[in-house]
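So the protein sequences, as listed, match chains A and B. Going by this note's numbering, the letters in the first sequence line up with residues 5 to 121, in that order. Going by this note's numbering, the letters in the second sequence line up with residues -8 to 98, in that order.
Keep in mind that the hints were calculated from the coordinates and are not lab data. On a predicted model such as this, the values are computed, not experimentally measured, just so you know. One or more hints might be untrue.
DSSO-like cross-link-like pairs, simulated, lysine-lysine; straight-line CA separation at most 30 Å [unchecked claim]:
hint, chain 1, residue 1, chain 2, residue 2
1, A, Lys48, B, Lys48
2, A, Lys48, B, Lys0
3, B, Lys48, B, Lys97
4, B, Lys85, B, Lys0
5, A, Lys48, B, Lys56
6, B, Lys13, B, Lys56
7, B, Lys48, B, Lys85
8, B, Lys64, B, Lys48
9, A, Lys48, A, Lys61
10, B, Lys56, B, Lys0
11, A, Lys48, B, Lys64
12, B, Lys85, A, Lys48
13, B, Lys6, B, Lys48
14, A, Lys13, A, Lys61
15, B, Lys0, B, Lys48
16, B, Lys97, B, Lys6
17, A, Lys13, B, Lys85
18, B, Lys0, A, Lys13
19, B, Lys13, B, Lys0
20, B, Lys85, A, Lys61
21, B, Lys64, B, Lys13
22, B, Lys13, B, Lys48
23, B, Lys0, A, Lys61
24, A, Lys48, A, Lys18
25, B, Lys97, B, Lys13
26, B, Lys85, B, Lys64
27, B, Lys56, B, Lys85
28, A, Lys13, A, Lys48
29, A, Lys61, A, Lys18
30, B, Lys13, A, Lys48
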Amino acid sequence: NAGVTQTPKFRILKIGQSMTLQCTQDMNHNYMYWYRQDPGMGLKLIYYSVGAGITDKGEVPNGYNVSRSTTEDFPLRLELAAPSQTSVYFCASSYGARGQLYNSPLHFGNGTRLTVT
Amino acid sequence: AQRVTQPEKLLSVFKGAPVELKCNYSYSGSPELFWYVQYSRQRLQLLLRHISRESIKGFTADLNKGETSFHLKKPFAQEEDSAMYYCVLTGGFKTIFGAGTRLFVKA
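Generate coordinates for the entire structure from the input sequences, incorporating the hints supplied.
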């Protein structure tokens, strides 16, 4: 199993450009997440999804969009890149089931380092 | 407010010395606590979780609800323990990360 795969690993954008960060997982996990990590800070949740066709906002959703058309894929879209979006982005997934007593651990991708200048 | 605090950004110890990475949390319900680790050039991965009450790579962590702490401990640090460690709290559908502590184990 590849686990969670993110592409690209690095990207430099100019202000106002758009791009899509790709994330795919092969573990048949229901739950998928996008986090961003700014220097010296913990990870902050941007968006999450509990299954195909269902997405919801996390703590810091402004400036981003997501879709979840399949169980495997959860792309993150930046429409108008801003310097404040310079960060490292992590995609993660977890096995989630209704009525589950304990939260499943997160499986992370390798991250995408994005710079907006 | 719900938060996870890791007071040390950097912790440097000698090989063979005991190590304790501190984690304190604030949460109104019954949280689950985890430690995640990121070794150099590797992805973030689960180290241990409080419900398992197990020792992984010699590390243990006990959830102290009275002190709202979940400190990570190892009696004898090894060079390969050098990494970034994150304390993570989940409650309901919230997952809150601490800012992380970089552990550097010197030879």
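Do the alpha carbons of Lys13(B) and Lys56(B) lie within 30 Å of each other, as the hint requires? The given pair, whose Cα atoms are some 14 Å apart, holds under the 30 Å limit.
Mind checking the alpha carbons of Lys13(A) and Lys61(A) for me, to see if they're no more than 30 Å apart? OK: Lys13(A) and Lys61(A) at ~24 Å, within 30 Å.
Between Lys13(A) and Lys85(B), does the CA-CA distance stay at or below 30 Å? holds, 27 Å
Is the hinted pair Lys0(B) and Lys48(B) satisfied, with a Cα-Cα distance of at most 30 Å? Given pair Lys0(B), Lys48(B) holds - Cα atoms ~22 Å apart, limit 30 Å.
When you check the alpha-carbon spacing of Lys13(B) and Lys48(A), does it fall within 30 Å? holds, 20 Å
Holds or violated: Lys0(B) with Lys13(A), Cα cutoff 30 Å? Holds, at about 25 Å.
Satisfaction of hint between Lys0(B) and Lys85(B), Cα-Cα up to 30 Å: Holds, at roughly 23 Å.
For the pair supplied as a hint, Lys48(B) and Lys85(B), confirm whether the alpha-carbon distance does not exceed 30 Å. holds, 28 Å
Hint check: Lys48(A) vs Lys56(B), CA-CA at most 30 Å. Holds or violated? holds, 24 Å
Would the hint linking Lys48(A) and Lys48(B) be met if the CA-CA limit is 30 Å? Cα-Cα ~27 Å, so holds.
Below or equal to 30 Å on CA atoms is what counts here, so check Lys64(B) against Lys48(B). Within the cut-off at roughly 11 Å; holds.
Straight-line Cα separation of Lys13(A) and Lys48(A) no greater than 30 Å? holds, 19 Å
Hint compliance for this structure: no hint is broken.
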